[in-house]
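Each chain, letter by letter, is given below.
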Amino acid sequence: MATAGPQTSGEYISHHLQNLHVGEGFWSLHLDTLIVSGLLGLIAFGAMMLLARKASSGIPSGAQNCVEMIVSVVNDQVKDTFHAKSGLVTPLAITIFVWVFLMNAMDLIPVDFLPLAASSAGVEYLKVVPTTDPNLTFGMSIAVFFIMIAMNLKFKGVRGLLKEALTVPFGKYLFPINLLFRIIEDLAKPISLALRLFGNMYAGEMVFILLAVWMGASYWWVPAGAMLSLGWALFHILIITLQAFVFMMLTVVYMSMAAENH
Amino acid sequence: MNINATLLGQALWFALFIWLTMKYVWPPLQKAMQDRQKEIADGLAAGEKGRQELADAAEKVNQELQKTKEQAMEIISQAEKRSGELVEEAKNHAKAEGERIVSAAKAEVEQEVNRAKEQLRVQVASLALAGAEQILQKEIDANSHADMLKRLESELG
Chain A
1 MATAGPQTSG EYISHHLQNL HVGEGFWSLH LDTLIVSGLL GLIAFGAMML LARKASSGIP
61 SGAQNCVEMI VSVVNDQVKD TFHAKSGLVT PLAITIFVWV FLMNAMDLIP VDFLPLAASS
121 AGVEYLKVVP TTDPNLTFGM SIAVFFIMIA MNLKFKGVRG LLKEALTVPF GKYLFPINLL
181 FRIIEDLAKP ISLALRLFGN MYAGEMVFIL LAVWMGASYW WVPAGAMLSL GWALFHILII
241 TLQAFVFMML TVVYMSMAAE NH
Chain B
1 MNINATLLGQ ALWFALFIWL TMKYVWPPLQ KAMQDRQKEI ADGLAAGEKG RQELADAAEK
61 VNQELQKTKE QAMEIISQAE KRSGELVEEA KNHAKAEGER IVSAAKAEVE QEVNRAKEQL
121 RVQVASLALA GAEQILQKEI DANSHADMLK RLESELG
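Taken in sequence, the protein lines are chains A and B.
In terms of our numbering, the first sequence opens at residue 1 and continues consecutively.
In terms of our numbering, the second sequence opens at residue 1 and continues consecutively.
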């Protein structure tokens, strides 16, 4: 391993789990998360914007076809699940799916490529996969939470929302319990969204790091380690897609629960 | 876990990307896809209509052809009938004309005969009178003998 030398395994691992950050306490920023996710988003959505601007109803170009395919798959899912009318839900779902997929896909770049390149450029820490940062997953899920509340208010109004929170599921005489249930239920949504994505990606990244450590122990282990890394990467293609899809799908489901009266 | 202000930054990125998608990515793509769907549907419908029209036209051509054939047959049979009639008519006409000419000729001949008879009768009468005069040597009063002359005349007729 190129990073071998004075570094121990423990140091190697914790180095890989360290974000590049500025500031102290709460008011600090993980620059690597912000920059990588922002760049990915800007490139992906910028490209989609350019494509969409000259999209025609004629024979689509390859790139347009590809984007249309993704977008219409997402749209079909939304149409199956979300029956109210809203101009927000499909774009929201597209954004989540594309962005989360791309950020997860950073996991497929071998663990040391970008951190090594960064350290040779003088940047000491770099955590490449933004979705392994709970700040990102919570940032997204809390945004989804607020959109969900806005959706509730838009479709049910303040009175409708209050009535639902107080009387469902046990009727009006048990309203404290109903309200408590509702609060727990709604708070559980963003937390589960964020932790599911974070946990999956963090664990996946961890496997890659451990395999790299193992291969670093001796050159004898390199062939087996490389095979296992390849296998895990292939399997991971499934996981990153699945996690992006799950995040998107659950968001759509929450939106439809917010928009419909049960 | 290390929660900090990155969370807010990520939420901002997220909001920006949602806004971009909602404003500039989804609507034009959706419009393009819907338009294409409509164009394809219209094209298929137009193709189906064209095929149907072609079949209709072929059917109509067949019918017209059939009708024209029948008409032609009818015209031919009418013409045959008419020509037969014409021949017959001409025959009849010629026959009638011939008869007319013959009868006219007969009548004329008869008239000529009658006229000749008349002249002969007159001449015979006067010849007879002159003969009688010669014989009797005396003039016969034509008036007093008119009855006798008349009788003579009718006997000659």
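Certain hints may be false.
As the list claims (entries may be wrong) - Taking lysine-lysine pairs in the BS3-like style, the calculated list, with each CA pair at most 27 Å apart, reads: (1) B:91 - B:81; (2) A:156 - A:172; (3) A:189 - A:156; (4) B:91 - A:79; (5) B:23 - A:54; (6) B:91 - A:54; (7) B:31 - A:85; (8) B:81 - A:54.
Claimed, not checked - Quick list of simulated restraints, FRET-style, between CB atoms: (9) A:56 - B:46: 16 to 26 Å; (10) B:41 - A:50: 48 to 58 Å; (11) B:3 - A:84: 27 to 37 Å; (12) A:149 - B:12: 16 to 26 Å.
Calculated directly from the structure, the hints in this document are not laboratory data.
The beta-carbon is built from N, C-alpha and C at its ideal position, and this holds for glycine as well.
Numbered hints the structure breaks, given as an ascending list: 4, 6, 8, 10
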